[in-house]
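Participant: This is what each chain is made of:
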Amino acid sequence: MNFLLKITGCLAISFALAAPAYAEQSPLMAQFGGVEKLQKMTDEFVELLLVDPRTRGRFSGADIPKLKILLGQQFCQLIDNSCTYTGKDMKSAHSGMGLRNTDFNALAEDLQIVLEKNGVPFAAQNKLVAKLASMQRDVVTK
Amino acid sequence: MRKFGSNTLAGVTLFALCVAAQAEGINFADQGKLLATGGVSQVEGAGGGGLAPWALITGYGTRDSIGANVHYTRVNTNDQSLATYGVAVGVFDRVELSFANQEFKFHEGLLSMKGQTRIRQDIVGVKVKLFGDIVYDQDTWMPQVAIGAMHKKNKGLDIPVLGVTGFSPKNLGAKSDDGTDVYVSATKLYLSESILANVTLRATKANQFGLLGFGGDRHDSYRLQPEASLAYLFTRKLALGVEYRAKPHNLIADNEGAAYDIFLAYFPTRNFSLTLAYVDLGTIGKEIAKSFGASDYGSRQRGGYLSAQVGF
Chain A
1 MNFLLKITGC
11 LAISFALAAP
21 AYAEQSPLMA
31 QFGGVEKLQK
41 MTDEFVELLL
51 VDPRTRGRFS
61 GADIPKLKIL
71 LGQQFCQLID
81 NSCTYTGKDM
91 KSAHSGMGLR
101 NTDFNALAED
111 LQIVLEKNGV
121 PFAAQNKLVA
131 KLASMQRDVV
141 TK
Chain B
1001 MRKFGSNTLA
1011 GVTLFALCVA
1021 AQAEGINFAD
1031 QGKLLATGGV
1041 SQVEGAGGGG
1051 LAPWALITGY
1061 GTRDSIGANV
1071 HYTRVNTNDQ
1081 SLATYGVAVG
1091 VFDRVELSFA
1101 NQEFKFHEGL
1111 LSMKGQTRIR
1121 QDIVGVKVKL
1131 FGDIVYDQDT
1141 WMPQVAIGAM
1151 HKKNKGLDIP
1161 VLGVTGFSPK
1171 NLGAKSDDGT
1181 DVYVSATKLY
1191 LSESILANVT
1201 LRATKANQFG
1211 LLGFGGDRHD
1221 SYRLQPEASL
1231 AYLFTRKLAL
1241 GVEYRAKPHN
1251 LIADNEGAAY
1261 DIFLAYFPTR
1271 NFSLTLAYVD
1281 LGTIGKEIAK
1291 SFGASDYGSR
1301 QRGGYLSAQV
1311 GF
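Protein chains in written order, with my numbering: chain A, 1 to 142; chain B, 1001 to 1312.
Derived from the structure by calculation, the hints contain no laboratory data.
Worth double-checking, as some hints may not be accurate.
Claimed, not checked - To give an idea of the chain A side of the interface with chain B (calculated C-beta under 10 angstroms), a few residues:
no.	residue
1	Asn105
2	Ala108
3	Glu109
4	Gln112
5	Asn118
6	Phe122
7	Leu128
Bear in mind the structure is a predicted one, so any value in this text is a computation, not a measurement.
Yeah, the Cβ is synthetic: ideal placement off N, Cα and C, and Gly gets one too.
Work out the full structure, taking the sequences as your base and the hints as a guide.
Facilitator: And the structure:
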């Protein structure tokens, strides 16, 4: 009996410890399929930017693997703050690129296309895109 | 000759703008706005929803570019139809110019004259974006705000079988055949909620959008009329919304009231959009129809609305 109680106690404690690991994923992140899925979609998004005639010319000389990781961090941070973005601020990251609204919008649209393809609900996509939209002021300089 | 002159001027202006754009190394028609953010063509030819003009500038040109479109809209209610076609240009996402022609007809009965009876109206519109951006201002409460004007010229009632052409709405009690509406629109995209809201305040003398002339024997001063639209974005290609538009009651002979609609706008590409709606335009000319002996004339004009826009 005593042994059983101890086992139950152990189980309860392990569940209690294990639970936060699951609870950490916010409902919004769950709609994106979790952090791992988000990174996979971000990779796919960058690949699309590199072939889209509207955007591909903007990435010459860029460290693509690093860009993928940084963007993944940024999206994750914007979705539920469960990651830390370690890249430059938007203004210095895009200074001198001479980006226009049409470039910014093409990028936003490619993100929507990839998220849509991966089954992220439109309402959830918009919560991320809304946060990115306001970065236009720092990103677009022309 | 005069027409040739204005066309030449327009041509030269466009050419100059194009050269300036090329010199700057930018795309003259970049089609760079996000899908659906060019809106559709409202019933008077301006960029907006179905009934109300919105603060957004028509077309898909960004602030570095120009966008243009043509549209055809048909409203079919119980007893009447309204066909509008027009062309609109958005310049540098700042100024919008629109030209539209409306033709209003009666389906059947004494007024219809075998579908020949019609009222025609020309509308020239201009809109200027003042401040705010519907897409980028997601971190502030600031809407996109624009002011606009629509000058309308009612060309009168034609009843070809009776040899009547250009019968003036003044004969029904209107004070003028032409008029100018002035409006201010505020449009806000609550992107994180997938909701778009618009409020327009219009100073107008128009009777039934101007189809029954301007000013009247009941009232002949400008009236401030509110218009509102609320839409939910299902996907980046599909929006569902409702609209309300108040109209003044200036004519004794016509018990004019507000118009409503529920619409579904579909944007398969930047070059084409289709809007389907169910509209309630309120009472239009019921008393007038009665005086012509049409007893079964609907007290509210309700029916379908279909609008197609092709842009480049």
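Participant: Decide, hint by hint, whether the structure agrees.
Facilitator: Comparing the hints with the structure gives:
1. Of the supplied interface hints, the one on Asn105/A holds, with its beta-carbon coming within about 5 angstroms of a beta-carbon of chain B, less than 10 angstroms.
2. Hint status for Ala108/A: holds, given a least beta-carbon distance of 6 angstroms to chain B, under 10 angstroms.
3. Interface restraint check: Glu109/A against chain B, minimum CB-CB distance 6 angstroms, threshold 10 angstroms, status holds.
4. Interface hint at Gln112/A: satisfied, since its Cβ lies 6 angstroms from the closest Cβ of chain B, which is below the 10 angstroms cut-off.
5. The interface hint given for Asn118/A is violated, since its Cβ lies 14 angstroms from the closest Cβ of chain B, which is over the 10 angstroms cut-off.
6. This hint holds: Phe122/A has a C-beta 5 angstroms from the nearest C-beta of chain B, less than the 10 angstroms allowed.
7. With 10 angstroms as the threshold, the beta carbon of Leu128/A comes within range of chain B, its nearest partner Cβ sitting at about 9 angstroms, so the hint holds.
When held up to the earlier numbered hints, the structure conflicts with hint 5 and nothing else.
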